[in-house]
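Last residue of the sequence shown: 630 in our numbering, with the numbers rising by one and none dropped.
Bear in mind the hints are in silico, worked out from the structure with no lab data behind them.
Please read these numbers as outputs of a predicted model, since none were measured by experiment.
Think of the CB as a built atom: it goes at the ideal place given N, C-alpha and C, for glycine as much as any other residue.
Do not rely on the hints blindly, as some may be mistaken.
Cβ pair distances, simulated, as ranges [unchecked claim]:
(1) T569 x W537: 26 to 34 Å
(2) Y530 x S592: 31 to 39 Å
(3) K597 x V526: 39 to 47 Å
With a straight-line cut-off of 20 Å between C-alpha atoms, the simulated EDC-like cross-links for lysine to aspartate or glutamate are [unchecked claim]:
(4) K585 x E628
(5) K597 x E616
(6) K559 x D590
(7) K554 x D590
(8) K554 x E616
(9) K597 x E628
(10) K597 x D618
(11) K585 x E564
(12) K553 x D622
(13) K559 x D584
(14) K554 x D541
(15) K559 x D541
(16) K604 x D589
(17) K559 x E579
(18) K585 x E625
(19) K553 x D589
(20) K604 x D541
(21) K550 x E564
(22) K559 x E628
(23) K553 x D590
(24) K604 x E625
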Amino acid sequence: MSWTAIFAPMLWLSRLRVMVTLGIFVAAAYLMIAFNWSYSDGNRAGYIQKFSKKGWLCKTYEGELAMTTVPGVAPVLWEFSIWDKQVADDLSRVMGKRVILHYKEYRYLPTTCFGETDYFVDRVEVQELP
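Work out the full structure, taking the sequences as your base and the hints as a guide.
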């Protein structure tokens, strides 16, 4: 029996381990880049139209902001996600008031497990009307 016949299966398993390890490393690097560099960030003002915790396995907070410019005109609806429970609690407390939401937009996230939208709210302020 030759040495190649004995060690060929071990060589194949060794290459498979290296490929799996490289795949995990590439996926982790992609997620690090995707979550550390936002595509855009900004503020949106309006009234919370809808807010809930959704998902089968990965529960995320999802909401909808109604942005109106002039009373009587149909509002533009903007959907957003929230990761932080404290921010979600803050938003629940100010429902019904005009709010300013600070958000960051993350594009090309691999799954909806992180949120159903690309917009992630990280701060809530109540807008004081003059």
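Evaluation of the provided hints:
1. Judged by the Cβ atoms, the range 26 to 34 Å given for T569 and W537 holds: they are separated by roughly 31 Å.
2. For the pair Y530 and S592, the beta carbons lie near 33 Å from each other, so the given range of 31 to 39 Å is met.
3. Between K597 and V526 the beta carbon distance is about 45 Å. The supplied range of 39 to 47 Å therefore holds.
4. A hinted pair counts as satisfied when its Cα atoms are at most 20 Å apart, and K585 with E628 does not qualify at roughly 24 Å.
5. Only pairs whose Cα atoms come within 20 Å are accepted, and K597 paired with E616 is rejected, the gap being roughly 24 Å.
6. Of the pairs offered as hints, the one joining K559 and D590 holds, with about 18 Å between alpha carbons and a cut-off of 20 Å not exceeded.
7. The hinted pair formed by K554 and D590 meets the criterion: a straight-line CA distance of about 18 Å does not exceed 20 Å.
8. For the proposed pair K554 and E616, the alpha carbon gap of about 9 Å is at most 20 Å, so the pair holds.
9. For the given pair, K597 sits about 9 Å from E628 by alpha-carbon distance, which is consistent with the 20 Å threshold.
10. Restraint check for K597 and D618: the C-alpha separation of about 24 Å exceeds 20 Å, so the hint is violated.
11. As the CA atoms of K585 and E564 are separated by approximately 17 Å, the hinted pair is consistent with the 20 Å bound.
12. For a cut-off of 20 Å, the pair hint linking K553 to D622 stands: about 16 Å separates their Cα positions.
13. At roughly 11 Å between alpha-carbon atoms, K559 and D584 fall within 20 Å of each other, so this suggested pair holds.
14. Straight-line distance between C-alpha atoms of K554 and D541 comes to about 24 Å, which puts the hinted pair past the 20 Å bound.
15. Restraint check: the Cα-Cα separation between K559 and D541 comes to about 23 Å, which exceeds 20 Å; the hinted pair is violated.
16. A hinted pair counts as satisfied when its Cα atoms are at most 20 Å apart, and K604 with D589 qualifies at roughly 19 Å.
17. Of the supplied pair hints, the one linking K559 and E579 holds, its CA atoms being roughly 16 Å apart against a limit of 20 Å.
18. For the hint linking K585 to E625, the alpha-carbon distance of about 16 Å falls within 20 Å, and the restraint holds.
19. Taken as a hint, the K553 and D589 pair is honoured in the structure, with Cα atoms around 11 Å apart against an allowance of 20 Å.
20. A threshold of 20 Å between alpha carbons decides the hint, and for K604 with D541 the separation of about 4 Å falls inside it, so the pair holds.
21. Simply put, K550 and E564 have alpha-carbon atoms about 5 Å apart, close enough for the 20 Å limit, and the pair holds.
22. Among the hinted pairs, K559 with E628 is inconsistent with the structure: their alpha-carbon atoms are about 32 Å apart, more than 20 Å.
23. Straight-line distance between C-alpha atoms of K553 and D590 comes to about 14 Å, which keeps the hinted pair within the 20 Å bound.
24. Distance restraint check for K604 and E625: the Cα-Cα separation of roughly 15 Å lies within the 20 Å cut-off, and the hinted pair is therefore satisfied.
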